[in-house]
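Trainee: For reference, the chains in residue letters:
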Amino acid sequence: MSAVPGVETSLYAARRKIHAREVTGRYERLRVIAMSALLGLFYGLPWIQWRGQQAVLFDLPARKFHIFGLVFFPQDFFLLTWLLIIAAVTLFFFTSLGGRLWCGYACPQTVWTKAFVTIERWCEGDRQQRIKLDRAPWNPLKIIRKSGKQILWIAFAAYTGMTFVGYFSAIHGLVPGLATASLGGWETFWTLFYGFATYGNAGFMREQVCKYMCPYARFQSAMFDRDTLIISYDAARGDPRGSRSRGTDAREQGLGDCIDCTLCVQACPTGIDIRDGLQLECIACAACIDACDGVMQRMRYAPGLIRYATQLSMDGKRTRIVRPRTLIYGALLLALIVGFGVAVAQRQLLELDVIRDRNSLYRELDDGSIENVYTIRLVNKDTKAHTLRLDVTGLEGATLDSEQPEYRIGGGEIVSVPIRVRAPRFAVAGSVEVKILARSVRDDDPQSTAVARFVAPPRQATT
Amino acid sequence: MWPRFREDLGVLLWASFLAACVATMFFFAYFDPRLLTVDDAAPNWLADRMTGYAVGFFFFWGICTIASFLTAYLIDTRPSDRNGK
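Order-wise, the sequence lines are chains A and B.
Under my numbering, residues 1 to 463 are what the first sequence spells out, in order.
Under my numbering, residues 1001 to 1085 are what the second sequence spells out, in order.
There may be inaccurate statements among the hints.
Pairwise CB distance ranges (calculated) [to be verified]:
| id | chain 1 | residue 1 | chain 2 | residue 2 | range |
| --- | --- | --- | --- | --- | --- |
| 1 | A | Ala179 | B | Phe1058 | 34 to 42 Å |
| 2 | A | Thr90 | B | Val1011 | 21 to 29 Å |
| 3 | A | Glu252 | B | Glu1007 | 47 to 55 Å |
| 4 | B | Phe1058 | A | Lys317 | 48 to 56 Å |
| 5 | B | Leu1074 | A | Ile151 | 39 to 47 Å |
It should be emphasised that the hints constitute simulated quantities derived from the structure, not laboratory data.
Beta carbons are placed, not taken as given, at the ideal position from N, Cα and C, and that holds for glycine.
Please work from the sequences and hints to get the whole structure.
Mentor: As C-alpha cells, this is what we get:
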C-alpha cells in the first residue's frame, strides 16, 4: 500500500527538544519553594537518626520497616496498602479542587526535571544561548559546556541513586562504601539502576514521561469538572491578538490584550500553546502565567490574562468549592485517615505464631502422658523490650515446657522458641485445639494467643 | 518505523515495570525469599534475601513484558505496509 497524498498514514511526530524559557514570578517562587522542600526531604530524611538508628529505614534484608521508632513487619503490609489508597484518594481530592497541582509542583518527574534543567542552565546558559549552542557545530567551547553538564548530571544522578538505596540499606554505610568502591553488589546495582532512571527521565525524557508514560496524566481529566482550577487563557480579553506599540490604545486598533509575544509558549516545559485551551499535555506548572504577567506589567495592563481559573468563573459564573464530587472525595479521605490512625494505634504489639513439629505427631512418655512439640515465633513490634512467659490453656491438665521460664525480646526483634506441651493420657484423644498464650510477666501487657493443634492417639477400645 | 517501534517498546517496558513493581511488593510482603524452595530444598542463591528480591522483580518484569508485548502485538490490526513505513 503506497502512501496516498493527503492521507495521513501515521500520527507519529518525532519529538523536538524543548528549550523552556526561564521565568520569574510568584508561581515560579512557589515552585522553587516546593522543589527545595521536596528535594531536601528526599536527600535529608535518610540521614536523620532516631534513638540510635536511622529514623526511616525500609530494611528489606531484615524484613523490617523502621519509621521514627515504629517497627513494621510483613504482617503489617495491609497498613502500607492502606497508606497507598490514602495517597491515591488525596490525589483525587486535590485534583478535583485544584487540577493538576501534583504535576506542577510535587511530582518527582517535575521536581527532578527542574533540577536537571537548572544544571543545564548553569552550563549552557539561558534559552537563546542553549538553542544557539545546539545548532552550532562542535567546537571546543561546545564540548566543554556539554561535557560539564553531563558530568554534573551524572554525579547528581549517582548521588540520587545512592540516596534512594539509602532508604533500604543504612545510608551511613553507603557513602564510605561508594568512596572506597567497596559497596555490596546489589547496593551498587540498584544505585546505578535508580541513578540511570533519574538521568534518563529528568535529563532526556522530561515532558515525554508526562505525555506518554504517566497513567495519572491520562485519567486525571476524569476528576475534573467545571469547578476545577485550570490554567486558562482569557480569550474574551486577549483576542484578537496582535503586536502594538506601547502606549497606544489597543481597543482603537481592534485588538485584545494579548500582544502575541509567544513568551507563554516559550516558557512551557511541554511545548504547548495554552491559548489554544486546556490540553492533555498541560502539567499546570503555571510558567505561562508568570511569563504573561511579566509582559502585562510591562505593558501596564492588568495581570491575569492567563490565570488559574475554573471554567465557570471564565464564563462569569460562580465557582463552588463544596460540591458532591469534593464532598465524596473529602468524606472518603477523612474516613480512610481516621481508620488508618485507629489501625496503627490498635496494632497488636506482640505477635505469636505456632508451628507444629513436622516430624512427629506425638510422643508417649514413660509416665503415660502425651507430648507434642512446636516452634513458637514471637514478634515484638514494640520499640521497647518485653519479658514474656508462655502458657497453654484450653486442655485440662496440660503443661507447657520451654528451655527458659521467661524470654526477653528486644524491641523489633523476632525470636523462635521450641516448646513441648504435655497432657495426661486420659485427658485427650485424637486431635484437639489448644491455646498457646504469651504474655508480659509484668502486667500481662502485651499479650497474644494463638490456636494450635494437639494430637494424641485415638481412644482405644477397652480390651 | 524505527522511532515508532522504539516508542512502543518504551511504553511496553514501562507498563510492565509498573505491574512488576506492584507484583514484587505484594509477593514479597507475604513470602520470605529465604523460605522459598525448589524441589523441597532452598537453593544457595536464595540465602541472600536481596538476591531473592531482585530475581523476583526481574522475573515479574520479564513475564509482564511478554504479556504487554503480546497485547500490543495482537491489538495492532493496522494493515501491514509493504514499503516499510
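Trainee: Please test the hint of 47 to 55 Å on the beta carbon pair from A:Glu252 and B:Glu1007.
Mentor: 50 Å, holds
Trainee: Kindly confirm whether 39 to 47 Å is satisfied by the beta carbon distance between B:Leu1074 and A:Ile151.
Mentor: At roughly 45 Å between Cβ atoms, A:Ile151 and B:Leu1074 fall inside 39 to 47 Å, so the hint holds.
Trainee: For the range 34 to 42 Å, tell me whether the beta carbons of A:Ala179 and B:Phe1058 fit it or not.
Mentor: For A:Ala179 and B:Phe1058 the Cβ distance comes to about 29 Å; the hint is violated.
Trainee: Regarding A:Thr90 and B:Val1011, is the given constraint of 21 to 29 Å on their beta-carbon distance met?
Mentor: Distance hint for A:Thr90, B:Val1011 holds at roughly 27 Å.
Trainee: Could you say whether the range 48 to 56 Å given as a hint is met by the Cβ separation of B:Phe1058 and A:Lys317?
Mentor: 54 Å, holds
Hint check: a violation occurs at hint 1 only; the rest are consistent with the structure.
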